[in-house]
Amino acid sequence: DQQVKQNSPSLSVQEGRISILNCDYTNSMFDYFLWYKKYPAEGPTFLISISSIKDKNEDGRFTVFLNKSAKHLSLHIVPSQPGDSAVYFCAASATMYSGGGADGLTFGKGTHLIIQP
Amino acid sequence: GAGVSQSPSNKVTEKGKDVELRCDPISGHTALYWYRQSLGQGLEFLIYFQGNSAPDKSGLPSDRFSAERTGGSVSTLTIQRTQQEDSAVYLCASSLIRGANVLTFGAGSRLTVL
Chain A
1 DQQVKQNSPS LSVQEGRISI LNCDYTNSMF DYFLWYKKYP AEGPTFLISI SSIKDKNEDG
61 RFTVFLNKSA KHLSLHIVPS QPGDSAVYFC AASATMYSGG GADGLTFGKG THLIIQP
Chain B
1 GAGVSQSPSN KVTEKGKDVE LRCDPISGHT ALYWYRQSLG QGLEFLIYFQ GNSAPDKSGL
61 PSDRFSAERT GGSVSTLTIQ RTQQEDSAVY LCASSLIRGA NVLTFGAGSR LTVL
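Taken in order, these protein sequences are the chains called A and B.
Heads up: the first sequence at position 15 corresponds to 15 in the working numbering, and the numbers run straight through without jumps.
Heads up: the second sequence at position 107 corresponds to 107 in the working numbering, and the numbers run straight through without jumps.
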């Protein structure tokens, strides 16, 4: 039973265009969401997060949008650059239970973003 | 150290052998996590250590898996009698405070069981 779903295993976008990565969740207790980025042979690194009290959070070229009613969030990268090519993981937590461990972060399977020159 | 350090980076072993994977978290980080990523899968939680508290082992897939954390710092994940389905990248992460959502991950240990 996947509580965090990233339905696109891969996404190819032309350099300079917008990349939109999607994530859906099923657990209505989730109220904090994060995106991690992973390059090959490296560990995931934190990219951006959003709390459920907001519907948008922006950090430079990266913006995360949250639609609580649809249980959907998306990561927008504008403009896309070659260095953005990586696997992006969506993660969620229910802060009420955020004592770490199994009640901490739940990750999706990731989306491999490929930026084409 | 400056980051989370894991060793070995790659391990190839024969089915039935035991393996040990090591994690050296960021100095001062009290929380330590082990996750694994099997091919085509997301990050699967395995075990969590917080200070001197009893670890949360709820994610360990079988009793062949165990982990310890000595002195509140270095952690070792042990897999006994390895099976082919244990092949995965094992990722360690640490965080400064309990329940922090932003984790710092190591580069992982890729385990291949032949």
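Calculated directly from the structure, the hints in this document are not laboratory data.
It is possible that some hints are incorrect.
[Stated by the list, open to error] Cut-off 30 Å, straight-line C-alpha distance, at most; resulting in silico cross-link-like pairs (DSSO-like, lysine-lysine):
#  : chain 1 : residue 1 : chain 2 : residue 2
1  : A       : Lys5      : B       : Lys57
2  : B       : Lys57     : B       : Lys15
3  : A       : Lys5      : B       : Lys17
4  : A       : Lys54     : A       : Lys5
5  : A       : Lys56     : A       : Lys68
6  : A       : Lys54     : A       : Lys68
7  : B       : Lys57     : B       : Lys11
8  : A       : Lys109    : A       : Lys56
9  : B       : Lys17     : B       : Lys57
10 : A       : Lys5      : A       : Lys56
11 : A       : Lys109    : B       : Lys11
12 : A       : Lys56     : B       : Lys57
13 : A       : Lys54     : A       : Lys71
14 : B       : Lys17     : A       : Lys109
15 : A       : Lys71     : A       : Lys5
[What the hints assert, rightly or not] What follows is a list of derived Cβ distance ranges for each label pair:
#  : chain 1 : residue 1 : chain 2 : residue 2 : range
16 : A       : Gln14     : B       : Thr112    : 34 to 40 Å
17 : A       : Gln14     : B       : Arg22     : 38 to 44 Å
18 : B       : Gly71     : A       : Pro79     : 29 to 35 Å
19 : B       : Gly72     : A       : Lys56     : 36 to 42 Å
20 : B       : Ser38     : A       : Asp55     : 20 to 26 Å
21 : A       : Ser10     : B       : Thr112    : 22 to 28 Å
22 : B       : Thr78     : A       : Asp55     : 41 to 47 Å
23 : A       : Ser28     : B       : Ser38     : 41 to 47 Å
Yeah, the Cβ is synthetic: ideal placement off N, Cα and C, and Gly gets one too.
How the hints compare with the structure:
{"no.": "1", "hint": "A:Lys5 <-> B:Lys57", "in the structure": "24 Å, holds"}
{"no.": "2", "hint": "B:Lys57 <-> B:Lys15", "in the structure": "24 Å, holds"}
{"no.": "3", "hint": "A:Lys5 <-> B:Lys17", "in the structure": "34 Å, violated"}
{"no.": "4", "hint": "A:Lys54 <-> A:Lys5", "in the structure": "21 Å, holds"}
{"no.": "5", "hint": "A:Lys56 <-> A:Lys68", "in the structure": "11 Å, holds"}
{"no.": "6", "hint": "A:Lys54 <-> A:Lys68", "in the structure": "10 Å, holds"}
{"no.": "7", "hint": "B:Lys57 <-> B:Lys11", "in the structure": "23 Å, holds"}
{"no.": "8", "hint": "A:Lys109 <-> A:Lys56", "in the structure": "23 Å, holds"}
{"no.": "9", "hint": "B:Lys17 <-> B:Lys57", "in the structure": "22 Å, holds"}
{"no.": "10", "hint": "A:Lys5 <-> A:Lys56", "in the structure": "20 Å, holds"}
{"no.": "11", "hint": "A:Lys109 <-> B:Lys11", "in the structure": "23 Å, holds"}
{"no.": "12", "hint": "A:Lys56 <-> B:Lys57", "in the structure": "35 Å, violated"}
{"no.": "13", "hint": "A:Lys54 <-> A:Lys71", "in the structure": "13 Å, holds"}
{"no.": "14", "hint": "B:Lys17 <-> A:Lys109", "in the structure": "29 Å, holds"}
{"no.": "15", "hint": "A:Lys71 <-> A:Lys5", "in the structure": "11 Å, holds"}
{"no.": "16", "hint": "A:Gln14 <-> B:Thr112: 34 to 40 Å", "in the structure": "36 Å, holds"}
{"no.": "17", "hint": "A:Gln14 <-> B:Arg22: 38 to 44 Å", "in the structure": "42 Å, holds"}
{"no.": "18", "hint": "B:Gly71 <-> A:Pro79: 29 to 35 Å", "in the structure": "47 Å, violated"}
{"no.": "19", "hint": "B:Gly72 <-> A:Lys56: 36 to 42 Å", "in the structure": "39 Å, holds"}
{"no.": "20", "hint": "B:Ser38 <-> A:Asp55: 20 to 26 Å", "in the structure": "34 Å, violated"}
{"no.": "21", "hint": "A:Ser10 <-> B:Thr112: 22 to 28 Å", "in the structure": "23 Å, holds"}
{"no.": "22", "hint": "B:Thr78 <-> A:Asp55: 41 to 47 Å", "in the structure": "45 Å, holds"}
{"no.": "23", "hint": "A:Ser28 <-> B:Ser38: 41 to 47 Å", "in the structure": "28 Å, violated"}
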